[in-house]
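Peer 1: Chains as they are written, first to last, in the numbering used here: chain A, 6 to 166; chain B, 526 to 677.
Derived by calculation from the structure, the hints in this document are not laboratory data. All of these numbers come straight from a predicted model, not from anything done at the bench. Ideal placement from N, C-alpha and C gives every residue a C-beta, glycine not left out. Mixed in with the good hints, there may be bad ones.
Unchecked claim - A few chain B residues facing chain A, derived, Cβ under 7 Å: (1) Asp545; (2) Gly575; (3) Ile577; (4) Arg628; (5) Ile640.
As the list claims (entries may be wrong) - Result set (BS3-like, lysine-lysine): computed pairs, CA atoms no more than 30 Å apart in a straight line: (6) Lys37/A to Lys537/B; (7) Lys572/B to Lys530/B; (8) Lys565/B to Lys55/A; (9) Lys614/B to Lys127/A; (10) Lys624/B to Lys101/A; (11) Lys47/A to Lys657/B; (12) Lys32/A to Lys624/B; (13) Lys127/A to Lys642/B; (14) Lys657/B to Lys642/B; (15) Lys657/B to Lys33/A; (16) Lys55/A to Lys615/B; (17) Lys127/A to Lys77/A; (18) Lys91/A to Lys32/A; (19) Lys551/B to Lys77/A; (20) Lys614/B to Lys551/B; (21) Lys91/A to Lys647/B; (22) Lys37/A to Lys647/B; (23) Lys530/B to Lys77/A; (24) Lys537/B to Lys101/A; (25) Lys37/A to Lys572/B; (26) Lys32/A to Lys565/B; (27) Lys37/A to Lys624/B; (28) Lys77/A to Lys657/B; (29) Lys33/A to Lys573/B; (30) Lys573/B to Lys530/B; (31) Lys130/A to Lys551/B.
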Amino acid sequence: MPKEFRILTGDIMNLDEIDLAILDSLKKDARKSFRSIARSLKVSPDTISKRYERLREQGIIVGSTVVINPSKIGYSFITRFGINVKPAYASQVLEKIIQIPNVIVASKLVGSHDIIAISVIKNFKHLCELRNSILEMPYVEKVELGMWIETMELCPYYFLI
Amino acid sequence: MKEIKLDEIDIKLIRTLQNDARTSLKEVARECNVSIDTIKNRYNILKKIGVIRGSTIVLNPKEIGQGNLVFFGIQIMHHYSDSVINLVKKIPGMYVVTKAIGRYDIEAIAILDNIEKIGATKNIIGDFQQVKNVDVDILVDKPLLCPRNFEF
Chain A
6 MPKEFRILTG DIMNLDEIDL AILDSLKKDA RKSFRSIARS LKVSPDTISK
56 RYERLREQGI IVGSTVVINP SKIGYSFITR FGINVKPAYA SQVLEKIIQI
106 PNVIVASKLV GSHDIIAISV IKNFKHLCEL RNSILEMPYV EKVELGMWIE
156 TMELCPYYFL I
Chain B
526 MKEIKLDEID IKLIRTLQND ARTSLKEVAR ECNVSIDTIK NRYNILKKIG
576 VIRGSTIVLN PKEIGQGNLV FFGIQIMHHY SDSVINLVKK IPGMYVVTKA
626 IGRYDIEAIA ILDNIEKIGA TKNIIGDFQQ VKNVDVDILV DKPLLCPRNF
676 EF
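Could you build all of it, start to finish, from the sequences and the hints given here?
Peer 2: Now the structure itself:
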């Protein structure tokens, strides 16, 4: 986890050392038992479980998930789509894009494109189909793509892939 | 790349944990109507062969005051991608750096606090000798993550 993350977290949310340690620990392993987190922080497991519930209620922790390695389940590479849409229709298109199977991240953009979508890809045919299905959506004007090779993940869990 | 065949139980186990990584294996076993040992065994195998790489919590970037996610599309002079990648990945805030085929030769995503840092980072990349052009796209709102979109 980048250093900046922790500083910002503490400053803005008034989270204390224990909260930050819980976030840090669960970010690396969401299945870690509260008991073992408690042991390393020298507090009671009950404290950890209460803090965890509070962090969830406050919406700081949105959820938890396992990280899958796409190359082990038949995907060959990742592709980024840069999508240009008719002005003012970005939200509408984004909602459809996020529902396409295999798209793992999507967001509105300010810059040379209006929407970015990152997708795991099985093979070249699959890539063409995906590109076409985006192009066929109403209000989509242009789709540019970048196929990712030799990707270095400096923060491996960010995209949850 | 070698493909691993997953059966119904494996997929159910993965799907359940994707929805909530803290679900107890006991509960998964009950839902799948198999013994807890079967599920424990499957879970350990999936981890060992690397289908499950780990688990993590998803934080709300707005709540924790994280900066902006920024996409950099970098065009370089031929044959220099390795040296440029090595420089780019050292820039603070970088999350993902990759070689790419398409309009850009290198694509990178960073998390940066403010617009000044975005400008400064663009300049750092642009200053590398072999870089021809840098395009910047800033992600607005919260990016939508859909890790459950995998098809098995």
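Peer 1: Run every hint past the structure and note whether it holds.
Peer 2: Status of the hints after comparison with the structure:
no., hint, result
1, Asp545, "holds, 6 Å"
2, Gly575, "holds, 5 Å"
3, Ile577, "holds, 5 Å"
4, Arg628, "holds, 6 Å"
5, Ile640, "violated, 11 Å"
6, Lys37/A to Lys537/B, "holds, 21 Å"
7, Lys572/B to Lys530/B, "holds, 14 Å"
8, Lys565/B to Lys55/A, "holds, 27 Å"
9, Lys614/B to Lys127/A, "holds, 27 Å"
10, Lys624/B to Lys101/A, "holds, 28 Å"
11, Lys47/A to Lys657/B, "violated, 53 Å"
12, Lys32/A to Lys624/B, "holds, 27 Å"
13, Lys127/A to Lys642/B, "violated, 36 Å"
14, Lys657/B to Lys642/B, "holds, 21 Å"
15, Lys657/B to Lys33/A, "violated, 37 Å"
16, Lys55/A to Lys615/B, "violated, 38 Å"
17, Lys127/A to Lys77/A, "holds, 11 Å"
18, Lys91/A to Lys32/A, "violated, 38 Å"
19, Lys551/B to Lys77/A, "holds, 26 Å"
20, Lys614/B to Lys551/B, "violated, 42 Å"
21, Lys91/A to Lys647/B, "holds, 27 Å"
22, Lys37/A to Lys647/B, "violated, 39 Å"
23, Lys530/B to Lys77/A, "holds, 9 Å"
24, Lys537/B to Lys101/A, "holds, 26 Å"
25, Lys37/A to Lys572/B, "holds, 15 Å"
26, Lys32/A to Lys565/B, "holds, 22 Å"
27, Lys37/A to Lys624/B, "violated, 34 Å"
28, Lys77/A to Lys657/B, "violated, 36 Å"
29, Lys33/A to Lys573/B, "holds, 17 Å"
30, Lys573/B to Lys530/B, "holds, 15 Å"
31, Lys130/A to Lys551/B, "violated, 40 Å"
Hints 5, 11, 13, 15, 16, 18, 20, 22, 27, 28, 31, counting from the list given before, are not met by this structure.
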